[in-house]
Every structure is written in C-alpha cells, then in structure tokens.
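J.: Chain by chain, the residues:
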Amino acid sequence: MRVSLFITCLVDQLWPSVGASAVEVLRRAGCEVVFDERQTCCGQPAFNTGYRNEARRLARRFIEIFEEGGADYVVSPSGSCTAMAHHFHELFAEDERWRRRAEALAARTYEFGAFLVNVLKVEDVGASFKGRVTWHDACHGLRDLGLREEPRRLIRGVRGAEFVELPNADACCGFGGTFSVKYPEISVAILDNKIDAIEKAGVRAVVSGDASCLMQIGGRLTRNNSQVRTMHLAELLASRE
Amino acid sequence: MHQQTSETFDQNAREALADVQLRGALRNLATTFGGRRKEAIATVEDWEGLRDRARAAKDETLAHLDKYLEQFADNAERAGAQIHWGRDGAEACRIVLELIRARGASKVVKSKSMATEEIHLNHALEAEGLAPVETDLGEWIIQLAHETPSHIVVPAIHKSKRQIAELFAEKVGIEPTDDVAVLTGAARRILRRQFAEAEVGISGVNFGVAETGTILILENEGNARLTTSLPRTHIAVMGIEKVIPRFTDLDVFLKLLPRSGTGQRLTAYQSLITGTKRRPEDEGPEELHIVLMDNGRSRMLSHPVTRQSLACIRCGACLNACPVYQQVGGHAYGSVYPGPIGAVITPQLSGLKPAAQLPYASSLCGACREVCPVKIDIPELLLHLRAEVTEGTAAGTAAQHGPVKQRPLERFAFGLYARAWSSPTLYLLGARVARLLQGVVVRKGRIGKVGGLLAKLAPPLAAWTEWRDAPPLAPRTFREQWRDGQYREGN
Amino acid sequence: MSTEQRRNEEARREMFEAIRGHLAASAPHDAVRAAHHAAAAHGEDVSAREEKRATVVFEGTAVERFKQALEAVAGKCFVVRDEAAASEVLRRIAEQRDSQRVAVTDSKLAGRVLKLAALRSEVLENAAVESLFECDLGVTGARWGVAETGTLVIESDAERNRLASLVPAAHVALVEARNVRHTLGEVLQAINERGEGGLSRAITFITGPSRTSDIELTLAIGVHGPAELYVVVIEGEGNG
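Chains as they are written, first to last, in the numbering used here: chain V, 1240 to 1480; chain Z, 29 to 519; chain U, 205 to 444.
Hints were generated in silico from the structure; no laboratory data involved. Heads up, some of the hints might be wrong.
What the hints assert, rightly or not - DSSO-like mimics (lysine-lysine), calculated; alpha carbons at most 30 angstroms apart, straight line:
(1) V:K1369 <-> Z:K472
(2) U:K280 <-> Z:K66
(3) V:K1421 <-> Z:K381
(4) Z:K199 <-> Z:K135
(5) V:K1421 <-> Z:K433
(6) V:K1421 <-> Z:K477
(7) V:K1421 <-> Z:K403
(8) V:K1421 <-> Z:K484
(9) Z:K472 <-> V:K1439
(10) Z:K66 <-> Z:K189
(11) V:K1439 <-> Z:K477
(12) U:K312 <-> U:K280
(13) V:K1439 <-> Z:K66
(14) U:K319 <-> Z:K305
Claimed, not checked - Quick list of simulated restraints, FRET-style, between CB atoms:
(15) U:E329 <-> Z:R131: 21 to 31 angstroms
(16) U:A242 <-> Z:Q49: 45 to 55 angstroms
(17) Z:D38 <-> V:G1441: 33 to 43 angstroms
(18) Z:R221 <-> U:P232: 53 to 63 angstroms
Glycine included, every Cβ here is placed at the ideal spot set by N, Cα and C.
Sequences are here, hints too, so could you generate the full structure?
T.: Here it is, written out as structure tokens:
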C-alpha cells in the first residue's frame, strides 16, 4: 500500500511534528509513505476568498504532482485541505479534461483519520497517552467529508487516554480562513464558546484533525495561559507515552 | 447608533457583540430552537428522504418555473382569484396601493409576510397616507418600535420582555408588566378592533400549488386567518419561487417547515385558500388578489448554484444554527433577510455592491447546509458570491449599483501567494525569509499581541494577535527535514 | 383594455421572458453539474449521512394517536360513544365556562349535538361579524382529523361560518372517528380527490389552540385565535 503524503502548508511550516507523526502512524499501519517535495498548497485560501484564478493555478499544480508517483492513495492530515481537493472540479467547469482529472484524483484522496479507519480498517495503531482528552470536530472534516465516528474510534483505541465528549464538539471554532482576520471579533466570540467548554471539560489536551482549528483554539488557550494543550490527531496516535 | 445597512456589517457586528442582552437572547434562540428541532426530527420516519423529496420538488419547479407559474395562475384565476404581475418591489407596491385606492379603502390589516418586508410595502403605503396595521405579535412589536425584523420567524427576538413592556406602555398606554400573558392579552385586545373594522387584508404566501391554484399560509397566532377571512378584499403577495407542483407535495413541506423552524410538528393553523368563495352569502373575502412578484428572483435562475437560493421555504433553521448569527443577530446584516440565507439572497436581490460584505460574514462551517430542509448548499453559494465580488462578474446586479469596490492590496497579496506557492523554490525561500523576520515578534516560543508600525504593515497579523497568540514558524519545515533523510524508514 | 390591464399584460410577458431567458442561460452550467454528479455516483461517496430514523413510533388506533398528539399541543380531546355523549361533553364545557353566547357553523353534526345539549346560552347560526366577536364559545364540525399531528380539517364546502372556530375564545370541534386518518399525507390525498366542483375554497387546518413565542420565546396561548380547543371524537357505529 503506497501512500503519497499531502502535508499541507500549515503543517509543513508550523508543525512539522504533525507530519512526522502522520508518517510514523501510516508506517505502523503497514503503508509505504512517499513525499513529493514539489508540493506546496491546495489553494484553499484563494478559493475561499474568491480568487478562483489563483486557486485554479494551484489546483492544476496539485493535480499534476499527485497524479504522478504511482501511489494508491493521497493522504492528508487536514480535513479542510482534503475537502478542497474534493472541490477542485468546481474550478474546471469550463474544462472537461481537467475536471475529470480532478475527480479521479479526489476519488483517491483521503483525510488521515478517515484513511486509517475506512480504507486500512485500522482503529488501534498502538498509541498510548495518559490523561483526559477531548475532540473538536473540524467543520470541513465533519460536514464536507462526513467524518464523525472515525476520529472517535481512533481516540478510543489509544491506551490510557480517557475520552471526554464536549457538549459542543461539532460547533465551529470560528476560524473560517480569512474570516478569522476579516471579522476577528466575531471569530473570537465564536471561539470563546468552544474555549469555555474545553476548560469545563477538565482535559489535558484538545485534539482535532485540522491544524487551522488547532491554531485558532491553541492561540486563545495560550493567550489565556491555559493548562490545556492542543494536539493533532496524528500526534495523539503517534504518541507512546 | 448609526444607520445599520449591510455596507456597515463589520461595524454593526461590533456593536452587536457589545450588547449583552442581545447575545443572551440569541443564545436562548439557538439552544431552544436547536433542541426542539432535534426532538421534532426524531418523530419523522425518514428525515433525509423527506429533505431529498422536497429539494427534488423544488428543483423540478424551478427548472420549469414558467410552466408551473402559468399553471398556478390559470388555476387560481379559474377559481376566482385575480392575478397581478410585479416585476420588482416598487411595481408590486404600486399594484397593492392601487388596489386599495380603487376600492376607496383605508383600513388595512397585515399578517406576517417576509416578501412585503423585502419590498418595504408598509413604508410605501404609509407614504400615501395609509396606516397598515401589522397583526402578527412580533411584527406588531417591531412596527410600534419602527424597526425591521431581526429574524425570519421571530422578528422581535432581539427585544427583551422589559423592552416590549416599555414599548407597549409608551405606544398603546398599558401598564408595564413582566407577565407575557398580560402583554399578549393586550395585543389581542387592541388588534381585535382592527380586525373587526378592516377593509383590506394583506398576507404573504408560504406555498402556491400549481395543480390547484391554492395558496397556503402557515401561522400560530390566528391573525393570518382573521386577515384573510374578515376583510372584503384579500391581497396576497407571493414571490414567484413559492410555487410547488402538486397538492400532495404539501405533505412533504408541511412536515419539514415547522419542524425545522420552531420544532413543531405543525403550526397551529394552515389556511388553504383556492380562489374566492363559491356563493356571495358565504363568509370570506369578496375578492382575492394574488400579486406575483419577481424582484430579482428570475435572475437567480441563471446558474444552478444561485438557483438553489429559490428553494428556500423561509423556515429560519439556518439562522438558528449559524454561529455568526448567534453572535451578532439579524440587524447587523442590514437586511430583512439575515443569517446564512440572508447573506446569499440579499446580495442577489439588493445588489452585490451594497451587500458585498455579507458573503464574507461566514466561517463556512456548513451548519446551515446541515439543517436546511431543502438542502440548499449555502457555503457553496457563499463561495460563488465571493468569487463574484473579486471577479466582478455579478450578472445584472452590477448594472444596478455599479461595480463592487475592489481590494487592491488583498488582490496583490493573493496574486503573490499564488505565484510564490506555485514554485517550490520560491515557497522555500519565502519560508526562510519569514523565519528570519519573525524573530522580531516571537517571544517565548509564540507571537503575542502585535502593535505599532508592524500592526499597520500587517493588519491580518494585528487582527489575529489582538486576541490570540500566533504560532512561530518551525525552525525547519517538514520538507527540509524529509530532504535531510530525517524520515527515512528505520530512523 | 385599461392601463392597468395593459401594464399587467406587459409585466407578465416580461416576467416570463426573464424566467425563460435565465433558465436558458443556465443550461450549460446545469450540464456540467449533471456530468459531475454522474461521475460522483460511480466514485466513492465519502459523506456519511446522519441516520435519522424515527425514535418515536406510535402503536394504536388513529383516534388514540390523535388524542395523544392533540394533548401534546395543549388541546383537549374527548372520545365518546355517540352524539348524545358528545352533547354531554359540550354542555359541561359550556357550563364550566359560563358561556353566554355560542357561535355555530352550519355543520349538520354540530347542529344535532347542540340540539341535544340544550344549552342555556344563546346560540347564533350564521352570526354577523359584530355578533361573532361577542361570542364566547364556537362549535363546529370537522371534515377530517389527522392523527399523527392532532390536526382538525375544516372544509368550506362541508360547513360554512368557519369563523366560529377562530373568533370566540374557546372552540369545540366535533369529528367522527371514521374521518380521523393516521397521516397528513392520507388526508391531503383525500381532500385532493375532489369531485367536479374542485377543492373547497377555504380549507383550514387547526392543531391546538392559538399560540405565540414572539416575546423572549416564552409560550403564550390564545393570541388571536381561541385559547382553548376541545375536540370531541364521536365513535358511532362501525368504527375501528
């Protein structure tokens, strides 16, 4: 099973340890992991802000790169970036050839947790982590890709981790890409609902599948000098405490 | 407080966030209606199947809107209704005004109708010396307060009991009280006199059945029944998208709308009106006038993404689910249609230029799409409109208000990003440069509040760090580590 | 043709042209979308759908279901054997409320039951509007009942003066058990299977008393319609 890693620019630049964890876990699950160094960005920031030409340019690049390499699947530790890949076809309404290529690639592009559970049929990757943890459902992963059960099953497979469900686990964290800086007050007001629930849950870590959410949530937690840390799902699953 | 228009959404939002009472009311709304909706859905055998069927019925109608509209008009006329065609809001208002004038009428009662709010009908009638009285409790409250609705279903949700009591005390002279039953009783008493004397009743239409020419009006209070039964003349204002093909399609929509909007299995009353009474001695209006209104709707037919806007059945579920609406409420949007559906239809109805902020007033979380009974993909619509804002391709609306204000700095930044991110060399170079520069702002492993000159140079960084720490760039990127063999198997 | 008729014709024409024109403009985009959906149907569909199956299932007769649903929305329901028993219920209600003036529709069923009840109140058939507002109780029949929602259906072809169900502060509706169907769909179908005359011109669905939550989402019963709704279901002969 050959997997091509789509690392995403956030993980690449800010949290390479998430990438490292993803590679580790995929290998534990029996995959050969390849990484095409030419990759950059899926173009989501441009697409979401309305700059479709720019997004199209990045999409073409993405498709070209990931079509090569002979991997069975493309796997990414990001629900929103995976969802973007699944939306590439919308950029090629005028171009049937590119649209078909986008559709074909999307069909074998998976979010990290979904890949483990739904393709590899693996829920226990030999992870262990001591303490209470909770899960934040990143919106794209939840509503675009339909991932709800998969991450929870994976977390329950982590030895020593006590899983606590947030009452508003599926509520948006308020990030929304450029929304977080175009309407920062609203973004933070939405965020604080999530932060309140996290603090009340008395957990050691809040886990999510999207680095952007973790940046939003983590940024507020550290500003508040909170004891709670953020963890990407890949990091939790790679953990061997 | 300044004039709240959609052009000042950002300012409106900031004001709303400071309004503690409003935010409490909105939190109550989200929790209450959200919870009731969930319970109500559980009473349906196949909720998803219902949604699919409703959407299919809407898609079928919209794809052949001319045919179904014609069928509706013919059947309604056959049963005695008179059909009027209004190309835009101003024309629809004129039609209504003329109908009232021609009958020498002056006493007008109204039941709740978003379509009439959209075209500011009351304002148009008042300008001509008429005094239409809103009879839905929530609408009456905002009429007394000279405000616009802040929610599609519960228009006065932004007002507290106290504020309403003070309003009633001031405007209709009752003793201030905290007792909701007493306040409601006062409304009943006062408005009953209006009903008894009314000459014209104006209503909206929730559904128009093409097969039979029937209009259906949903409500809980009974004021729509009174408005459409007592006066001699009934004028129904109906957006052209309200048509559905068959009488039995009502089953699907009546199952979806009340549950989605308020968590009820059914609202207290539905009036199904087909033409006029059979015999003159029967009760009911002598005349039924249906004003079929376009006002920008037909334009939405021109693309599948925008066409789904017309499937909306005005249940309000998306407002109740939206994290943005929950924080800022309806008035911030500066439109009678707020929340997620408002963010997408307001620019299409009123023009992209004045409403250009609205498509961006969303985190794209998709909660709206999840609760929409007719499965409108609002995030898809928002993204479509954002592209129209940046590319200035809005068909038609540009003609009305001129091109949307461009954001040259942002455009430049995204152009740069696309170019740089298309080249791995430039991408890495950019990362290295940024890592060097960030030393200026990184303290103890994070980036705290950025102020001063730097804030002016990089507003997004300032906006972020005002309330949140920002993570520093890692000393080495993942790909640099990979290249160095750090992740070779066996390490 | 008057000016207004001319304007109306012109507006109608323009609106239809606009609709047709915009639909035509959409056609190429619709084709692209259809092509994509066809492709997606063959590929993997990652979106998991929340399984929303009914968790509240009803076992029992339509009448039992109707009673439960109606009571859940603050209506009161009496199931009686015959019209005489119904008249007893009606008399009790009128006495409890010290009713002075009753408005009634021309429903034959309502007429019979009222006669049996021999109320002390003044009974007004075909009440004029002013008198209607002075009635404290309204008595009507109902053409159908919908069990799953506790809904009454009053059809204008079956009875006139339906405002008796709306204006007075209390409403008593009489319905035959055999006309209570399980689902809204069944009743809509039954209504739609009309004779040559077409649908009744005014059909009213009533589910519980009048209500509002407009003030702070606090429920208030009895806004513009009746605060009290009593439905008497008459089983009669040959019912199940």
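J.: Please work out if V:K1421 and Z:K403 have their alpha carbons no farther apart than 30 angstroms.
T.: 28 angstroms, holds
J.: Taking 53 to 63 angstroms as the hint, is the beta-carbon distance of Z:R221 and U:P232 inside that range?
T.: For U:P232 against Z:R221, whose Cβ atoms are near 57 angstroms apart, the range 53 to 63 angstroms holds.
J.: State, for the Cβ atoms of Z:D38 and V:G1441, whether the hinted interval 33 to 43 angstroms holds or is violated.
T.: 36 angstroms, holds
J.: Between the alpha carbons of U:K312 and U:K280, is the straight-line distance 30 angstroms or under?
T.: The hint holds at about 22 angstroms.
J.: V:K1421 and Z:K381 were given as a pair; does the straight-line alpha-carbon distance stay at or below 30 angstroms?
T.: 18 angstroms, holds
J.: Given the hinted pair Z:K472 and V:K1439, is their alpha-carbon gap at most 30 angstroms?
T.: Holds, at about 27 angstroms.
J.: Below or equal to 30 angstroms on CA atoms is what counts here, so check V:K1421 against Z:K477.
T.: 17 angstroms, holds
J.: For the pair supplied as a hint, V:K1439 and Z:K66, confirm whether the alpha-carbon distance does not exceed 30 angstroms.
T.: 24 angstroms, holds
J.: Given the hinted pair V:K1439 and Z:K477, is their alpha-carbon gap at most 30 angstroms?
T.: With Cα atoms ~26 angstroms apart, V:K1439 and Z:K477 stay inside 30 angstroms; holds.
J.: Just to be careful, I want the Cα atoms of V:K1421 and Z:K433 compared with a cutoff of 30 angstroms; is the pair within it?
T.: It holds: about 16 angstroms lies between the C-alpha atoms, which stays within 30 angstroms.
J.: Are Z:K66 and Z:K189 close enough, with their CA atoms no more than 30 angstroms apart?
T.: With Cα atoms ~27 angstroms apart, Z:K66 and Z:K189 stay inside 30 angstroms; holds.
J.: Starting from V:K1369, check that the Cα of Z:K472 is at most 30 angstroms away, please.
T.: 26 angstroms, holds
In terms of the numbered hints stated before, the structure departs from none.
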